[in-house]
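Chains as they are written, first to last, in my numbering: chain P, 1 to 318; chain R, 1 to 267.
These are computed hints drawn from the structure, not numbers from a lab. From a predicted model like this one, the values you see are computed outputs, not experimental measurements. Where a beta carbon is used, it is the ideal one built from N, C-alpha and C, also for glycine. Warning: the hint list may mix true and false statements.
Stated by the list, open to error - Derived lysine-lysine pairs resembling DSBU-like cross-links, with alpha carbons at most 35 Å apart:
| # | chain 1 | residue 1 | chain 2 | residue 2 |
| --- | --- | --- | --- | --- |
| 1 | R | K128 | P | K15 |
| 2 | R | K126 | P | K19 |
| 3 | P | K293 | R | K126 |
| 4 | R | K48 | P | K293 |
| 5 | R | K27 | R | K76 |
| 6 | R | K126 | P | K15 |
| 7 | R | K126 | P | K178 |
| 8 | P | K19 | R | K48 |
| 9 | P | K293 | R | K128 |
| 10 | R | K100 | P | K293 |
| 11 | R | K99 | P | K293 |
| 12 | R | K128 | P | K173 |
| 13 | R | K48 | R | K76 |
| 14 | P | K260 | R | K126 |
To be verified - So the derived list for chain R, only partly shown, Cβ under 7 Å to chain P, looks like this:
| # | residue |
| --- | --- |
| 15 | M70 |
| 16 | L104 |
| 17 | E113 |
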Amino acid sequence: MIESNYEREFTAIAKEYEKSGGNVSDFLRKDIVSIIVSGNKVIGRNTVDGVHVRAKELDNGVEIWIDIDDGTIIENPIHLCTGYLKPEGTQEILIHNHLGDRAKVKFISHCVFPSGVNFTHSMVADTDVGKDSEMLYEDTHMHSKDGGVTVKATYNTIVREGGSFQNHFYLTKTRVGKLFVKMSVILEKHASAHIESKVYEREDDYLEIDEELYLNGEGSSGIARTTVFATDRSRAKIINKAYGNAPFSRGHIECNEIIKGDSVEVGTVPELYVTNEKAELTHEASIGRVNVKQMETLMSKGLSEEEATDMIVRGMLR
Amino acid sequence: MPGNVDVINRTYDSVDVNGGLFMLEVKEIKLVREERKILNSLTASFEKGRVYAILGNNGVGKSTLSYVLMGLESHKDYEGNVYLDGEEIDLLSVPERAKKGISLGWQEPVRFEGLTVREYLTLGGKLKLSVEELDETLSTVGLNRDYLDRFVDESLSGGERKRVELASIILVNPRVTILDEPDSGIDIMSMEMIEHVLERLRDKGSIVIIITHREEIARMADEAYLLCGGRILASGEPEEIVSFYRKLCDSCQHINEPVKEGGLAND
Chain P
1 MIESNYEREF
11 TAIAKEYEKS
21 GGNVSDFLRK
31 DIVSIIVSGN
41 KVIGRNTVDG
51 VHVRAKELDN
61 GVEIWIDIDD
71 GTIIENPIHL
81 CTGYLKPEGT
91 QEILIHNHLG
101 DRAKVKFISH
111 CVFPSGVNFT
121 HSMVADTDVG
131 KDSEMLYEDT
141 HMHSKDGGVT
151 VKATYNTIVR
161 EGGSFQNHFY
171 LTKTRVGKLF
181 VKMSVILEKH
191 ASAHIESKVY
201 EREDDYLEID
211 EELYLNGEGS
221 SGIARTTVFA
231 TDRSRAKIIN
241 KAYGNAPFSR
251 GHIECNEIIK
261 GDSVEVGTVP
271 ELYVTNEKAE
281 LTHEASIGRV
291 NVKQMETLMS
301 KGLSEEEATD
311 MIVRGMLR
Chain R
1 MPGNVDVINR
11 TYDSVDVNGG
21 LFMLEVKEIK
31 LVREERKILN
41 SLTASFEKGR
51 VYAILGNNGV
61 GKSTLSYVLM
71 GLESHKDYEG
81 NVYLDGEEID
91 LLSVPERAKK
101 GISLGWQEPV
111 RFEGLTVREY
121 LTLGGKLKLS
131 VEELDETLST
141 VGLNRDYLDR
151 FVDESLSGGE
161 RKRVELASII
171 LVNPRVTILD
181 EPDSGIDIMS
191 MEMIEHVLER
201 LRDKGSIVII
211 ITHREEIARM
221 ADEAYLLCGG
231 RILASGEPEE
241 IVSFYRKLCD
251 SCQHINEPVK
261 EGGLAND
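Model the full structure from these sequences, guided by the hints.
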């Protein structure tokens, strides 16, 4: 529910939230868990049985705890929306997610910074996924048009025995500004994870992504994948790492960077480390133009080169 | 796709589609790869509303011919000329040729991560299609509307992607349709489906050029060319050419000729 003092602020954030693909009416439903943060204020909040939400306002941000009881299955996604409407400043968001055993939940998170000229957003999400639980976390960012937003997003996750975790980060519809993403997942016995980042860079955007999988439990498995479309004078450094520390653990890391323009600077470093002879790790990396055959296929149906590129990239970054 | 979109014109107003004798001609096409003549002075012509089979074994230059006709960047270094209604189109790019009405149905359709069948068939919304048109076309290729929301990725089998590719060709309504091995990846029970695809294209007045090594497919054509060593060895009624193919091609090694010293110009 929206705090009465913040209705105008909510309206402004909601407008940006909808642009990023969110459904604002979900925030007003009593059967949906939601948290709306603007600056260092929690301006809206709702929860349901089995989900416990606490929040503390900090000097320049908010700390949030979300605890989900054992065996809780949430039908509707938990909505998190973080906004900052002023052009300058900093915002710090600390999130502690604890998913009990045998629980199942999906988070939809939107971060909207539509006016940022000299604005920094730091977010650290510590997540504990209980035994045999399933969690999906989708994080979509919308930044300002002038590239004045810096985001440092860190996700530290541990997935307990038999648990499953997916973390998807998207920044594809607006300028990036400067973006630093770090995703780290520790996997216990028979746990699995799929972490993925998709970013579309324009002008002089800058990006660093560091994805790490620690396959510590027997039979654990994970995929870490990054897709970047870099245009104009943008730069990107991508590091994907996997550590095969347990027998029958399997990991795959993948980075695909599609470039357009002569002034782009991108790099990718796959790192695989194995400490157990029964672990199996693979990697795949590519840097280059949009796939020629895909281009020709669409162009042979009547699309121009620009239109074909746009269609292919939007599909890949979806 | 969001934003302003131009609608793709499927009537190709630069040429009168309904009247006149629309023709595609290739004259003296030569293409060399690794010192072998993949296409060797190939000359042929194709008329509106007729289906042609280019028959030949693997490696004789069939797919290369389709890429030359489509104007793929990797195959633009050919010698000779391609004419569409008497206009030389050799310098035209793939999109420019497509805008003139040439389209290619690929032998092995590529996957598109994140694109649905609907987006692929409508070219991201640029091709304005009625529900009836989509339904009818999907039905022609043995699919149904449930496929529209599926992704054109590894979740579709090779055969399903091939059917989607054939549907997309029908929907862009080409004046010149090149079908590279239209049966590849499709079970033998679906030959009737390919016949229906050809009927639809023929009825719309398209020149249809089928690249094939299958006799059953060649028999669906109105006319056939037998290709060997980058040359047209024979042309005529499909049955006659199929019989020729059996006699001549079993013993033939189909080796493309090496380029003689001095290059193609002195051949």
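*Hint check against the structure, violated hint numbers in rising order*: 8
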